[in-house]
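Based on the sequences and whatever the hints tell you, model everything.
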Amino acid sequence: MIPFNKYLKLTAVALIGLTLCAQGARTPQHIDIKQLSKTVEDVVVPLPNEIFGALNKLGAVNWKEHVRSDKGTNFTERPRIALLLGTVIADGFVAVQAEDAASVKEIGQRVLALAKGIGVGNSITPHAKAIIEAADKRNWEAVRQELDRTQNSVQQAMNEVHDEKLSQLVSLGGWLRGTEVLTSVVTKHFSADGAELLHQPDLLSYFQTRLEAMPEFKLPIIREIEDALVQVKPLIDVGNARIPQESVRKINEITTRLGYGIVTRD
Amino acid sequence: MNAFVKTLLYTSSLLAALVVLQPAILASVDDAQSFALQAAEPYVKEGFQVREDYWGGDLGSGEKKAVRQQLFKGNEYWFWLGTEVDRAKVSVHIYDSDGKLAEETDGWEKGHFAAAHVIPKTTGSYFIIVSVEESPEERTHWALVYGFR
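Order-wise, the sequence lines are chains V and B. Just so you know, we're using the working numbering here: the first sequence kicks off at 316 and counts up by one. Just so you know, we're using the working numbering here: the second sequence kicks off at -16 and counts up by one.
Please keep in mind that the hints were generated in silico from the structure rather than gathered at the bench. Glycine included, each C-beta is placed from N, C-alpha and C at the ideal position. Be aware that a few hints might be false.
To be verified - Taking lysine to aspartate or glutamate and the DMTMM-like style, the derived pairs with C-alpha atoms no more than 25 Å apart in a straight line are:
#, chain 1, residue 1, chain 2, residue 2
1, V, Lys372, B, Asp89
2, V, Lys444, B, Asp36
3, V, Lys372, B, Glu87
4, V, Lys548, V, Asp517
5, V, Lys420, B, Glu35
6, B, Lys56, V, Asp517
7, B, Lys28, B, Asp81
Claimed, not checked - Cβ-to-Cβ under 7 Å is the rule here; a few derived chain V residues that face chain B:
#, residue
8, Ile348
9, Ala369
10, Arg464
11, Leu512
12, Asp517
13, Leu519
14, Ser520
15, Lys533
Said to hold, decoys possible - Over 10 Å on every C-beta distance to chain V, these chain B residues come out as not near it, computed from the model:
#, residue
16, Tyr26
17, Asp69
18, Gly94
19, Phe96
20, Arg122
Below you can see the structure in the form of structure tokens.
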């Protein structure tokens, strides 16, 4: 005869099992992606630290050598400021990885100046202050969070005044700088897993579509980026194949050239 | 009443209605986001970084929405879905770019929340499927946030 306690335990285990099975059975194991096309939302562009985190797990990275001291020229054209702002925020994430408090503080000030230049300084002031304070305390997790908040606040403020295109340029600037650093790290210490982090074809298509919708921005750097993305696309859109070292090196060359173009005057 | 006054009255009523209704609509998505963030809270203590950015909207009962997201092999992700509607049943599931279920088995659904967990086997695009399975409301607001470590 089964004792009552044992019976109770067995019943509970069976019930939990049944519940999980029922839940599992309800969830289809496969869906038709083509049927989703009309209900798909736009992608959320990953933050550079999302990629850096994955990169860190592949081996130790000397982040200090990727911290950039040149934070760019003072531009007056708003699309250029937006691109640079995204790049500088990405630099902030690099400086956090390197645990370089002086660079983080400098970046906090620079972000504020650029946000003011684009007319969204008010929403950034508390974040810039928080970045500097957290860097002083070497609280890297807080700095990371504030950098994310900064980018989010900048983009929300832009969207509120219907400057969505500038908001997209902020994301693009950050993605380009993140890709530049990623390819630089992987070029130096090549691994198939590191190269696989570049497999982002949908994200690249997303930026291409957005840039095509910006014909009014007649700046050479914007058109240069548009052309460069066309070159990068076949290098990363490889399906199930591996991305070779040569492709990583080429993407690094392209993104480094663009990065230089974003921070310097034409 | 002449045509000008009629148009003026019509336009101002419409504007007034918009001014009154808009915060209510926004507040609901914001409320849904608060629930999603509430679901994420315990995971922050486990080292997950929760993104500030989020998706949101409204769906009728039985409706689904797909969100495309770039995920990186090496990271671990949780997606948390929230709604402010009492007695609504919501769900979230993760599929890879071939449409194959890619989530771990520890996802859950409870009250205002649902969550799904993925450790990507490859770097690439994934589809996060958000669904309002049952709801007492005609339209149910939802918000989806995610975190990674």
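To see whether the hints hold, each was checked on the structure:
1. V/Lys372 / B/Asp89: holds, 23 Å
2. V/Lys444 / B/Asp36: holds, 21 Å
3. V/Lys372 / B/Glu87: holds, 20 Å
4. V/Lys548 / V/Asp517: holds, 10 Å
5. V/Lys420 / B/Glu35: holds, 21 Å
6. B/Lys56 / V/Asp517: holds, 16 Å
7. B/Lys28 / B/Asp81: The given pair, whose Cα atoms are some 33 Å apart, is violated under the 25 Å limit.
8. Ile348: holds, 4 Å
9. Ala369: holds, 4 Å
10. Arg464: Holds. Min distance 5 Å.
11. Leu512: holds, 5 Å
12. Asp517: holds, 4 Å
13. Leu519: violated, 10 Å
14. Ser520: Check failed: Cβ of V/Ser520 comes no nearer than 10 Å to chain B, outside 7 Å.
15. Lys533: violated, 29 Å
16. Tyr26: Label holds. Min Cβ-Cβ 14 Å, cutoff 10 Å.
17. Asp69: holds, 21 Å
18. Gly94: Given a closest Cβ separation of 15 Å, the condition holds.
19. Phe96: Nearest chain V Cβ is 15 Å from B/Phe96, so the label holds.
20. Arg122: holds, 15 Å
The structure fails hints 7, 13, 14 and 15 (numbered hints given earlier, in ascending order).
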